[in-house]
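> Chains as they are written, first to last, in the working numbering: chain A, 1 to 487; chain B, 1 to 93.
Hints are not guaranteed to be accurate.
[Unchecked claim] Okay, the calculated beta carbon distance ranges per label pair:
#1 B/14 - A/65: 28 to 36 Å
#2 B/14 - A/384: 39 to 47 Å
#3 B/2 - A/167: 24 to 32 Å
#4 B/13 - A/299: 57 to 65 Å
#5 B/81 - A/333: 38 to 46 Å
#6 A/1 - B/6: 19 to 27 Å
#7 A/4 - B/13: 21 to 29 Å
[Unchecked claim] Pulled from the structure, derived: some chain A residues nowhere near chain B, Cβ distances all over 10 Å:
#8 78
#9 128
#10 129
#11 147
#12 155
No lab work stands behind these hints: they were computed from the structure. For each residue, glycine too, the CB sits at the ideal point set by N, CA and C.
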Amino acid sequence: MIFRLIAGVLATWIVGFAITWLVRPRGNKRINFWLGLPVGLVSGLGLTSIFLFLWLMARHGNGTGEPAAMAIVAIVLLAAALGVQRRKDSQAKSSAASVRGAKWLWAAFLLAVLIATISFVSLSLVSPHGRWDAWYNWNRHARFMYVGGAHWEDVFLSPESDLGATTYPMLTPGAIAQLWFFSRRESLLIPALVSFLFAASCAGLLTASLFWLRSPKQGLLAGIVLLCSQEFFRQATTQYADVPLACYMLAAVLLLCLCDKFGKQSGWLFLAGISAGLAAWTKPEGLLFVAVLVFARCVVVVMPRGIKGWIAEAVPFAAGLLPILAFVLYFKFGMIGSQSYYMFEGQTAGTMMSRIFSLHRYVTITKAFVREILKAGGWHYMLPPILLIYLLVAGVNRSQKDRLAIYTSGLTTLLMTACYFVVYVMTPLDLETHLQQSLDRLVIQLLPLGIFTFFLLARTLEETVPEYKADLSAEAPPSRVQGQIKA
Amino acid sequence: MTLFEKRIEGIRQDLPPVGIVGYVTDSTADLMNNPDKEFMWTRYYLAPLMVSGNPDQTLLIGNFHEANAPRPPGFILMRDYGNGILLFRRASR
């Protein structure tokens, strides 16, 4: 079973990585490779879950042969990725000098990786089935995909089903069922493994992206902050879909930011669109994220570059997003049909207006938000003060090259927070209960993006600390790759 | 949760693999709106069989923690698995 499981994970990873490699912009091979690893893994998990879903639809629930088909797809994509003729990629100037001078930072990062991994494994051993929503929704839907056979769709279509959960998208159930099919066993290990892969990828995305967007030390610091956020990894062990969603939101935003740093790169825009689409396939909040990201990016780009500038990047972004979005919308409105969403149940114009004009609700929600943000990541109110002190000491990044990236990431994070605020204003559920049961998870969804935004905004150690300033001249990433990369 | 799986292992072989069955319990949980853990676990372990909190079904799973808990009216006991798990069938109308 273990070998088949490894094969499944590898096939999934190869699918995502090969697509990432195929569309990579010509230029810095190191950025494409190191970023491609986590981007490839999360893309692969998402895209293969769609592949499995479509396979089950076409084969009336018969999953036999799907792993073999997926493996063939992986091999073909890998062959294509390796065989594509490209001009020799420029090699980035080695950033080894800046890294060699920060062995302590690498040691701290690796220690944080070790502790986070041990913490995840320990908590998973205590709760191998995850928590409530895992057995009520995510893993249960995976069971339907794996053992349901011709009745795999019963969970969506039965009038008795699922207290609202059938409206939830199926990325994590599909990713879990995919690996069950590969290993030919409904192993308890696999849902925990999928959760771990997403949590690890999130940390990898954050570290690798800031490594190149700002500096190696900045990437390592950001990675350490996330890895030391014990609440983030505790949430991952619940086997809910909040950490996967956080991953896709971060991936979509950071790929856009890479384009701001290194010039318009159609491949990265395409991957950003895929990541946004996969966010929509993960949780209903993902659809909200797509709308927010498109709006935020439009606002940020139109002002300096005009509508034409925005359209030029929107086209490759849409090429990645729209096929997945179309599939998600078909799932929600074509397959599931008219099942109501809890936000609209029992709502009338009168009740909605009374909530909008209730000052008490705003005060309650604000207090809850402040409390959860201060507690973010499980740092016991320490994270915001620590980051504030770092910002005061290091200073604010005033580089014009990073403006668009900071605005994109910051505006997206703020708008998502505002939208979640509005959801609580309008919720028909008991407000205190709703806040208690869900706000911590919404904060976890935005935590990696928040950390990413912060470390874009803060100056780096290389810019601030005299003994590291020499590393600036040895550092790699050029602000433009060789020539402007064309589509 | 793993211990609960052992409790319902016996009833699994007597239930159809697919379809819908009902579920009753002596816990005070509102199964349709605020279900308890054991109901959720039953639904998880018996998937793809749908387990409904609506007792108006042909077959009914009973999960009782008290020996003298009231049994559902209109149903005949098919089998007692000896661990609080019982299987009922609707009496002929």
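> Each hint should be assessed against the structure and marked as holding or not.
Now for the hints, and whether the structure bears them out:
{"no.": "1", "hint": "B/14 - A/65: 28 to 36 Å", "verdict": "holds, 32 Å"}
{"no.": "2", "hint": "B/14 - A/384: 39 to 47 Å", "verdict": "violated, 56 Å"}
{"no.": "3", "hint": "B/2 - A/167: 24 to 32 Å", "verdict": "holds, 29 Å"}
{"no.": "4", "hint": "B/13 - A/299: 57 to 65 Å", "verdict": "holds, 60 Å"}
{"no.": "5", "hint": "B/81 - A/333: 38 to 46 Å", "verdict": "holds, 42 Å"}
{"no.": "6", "hint": "A/1 - B/6: 19 to 27 Å", "verdict": "holds, 22 Å"}
{"no.": "7", "hint": "A/4 - B/13: 21 to 29 Å", "verdict": "holds, 27 Å"}
{"no.": "8", "hint": "78", "verdict": "holds, 34 Å"}
{"no.": "9", "hint": "128", "verdict": "violated, 8 Å"}
{"no.": "10", "hint": "129", "verdict": "violated, 5 Å"}
{"no.": "11", "hint": "147", "verdict": "violated, 6 Å"}
{"no.": "12", "hint": "155", "verdict": "violated, 7 Å"}
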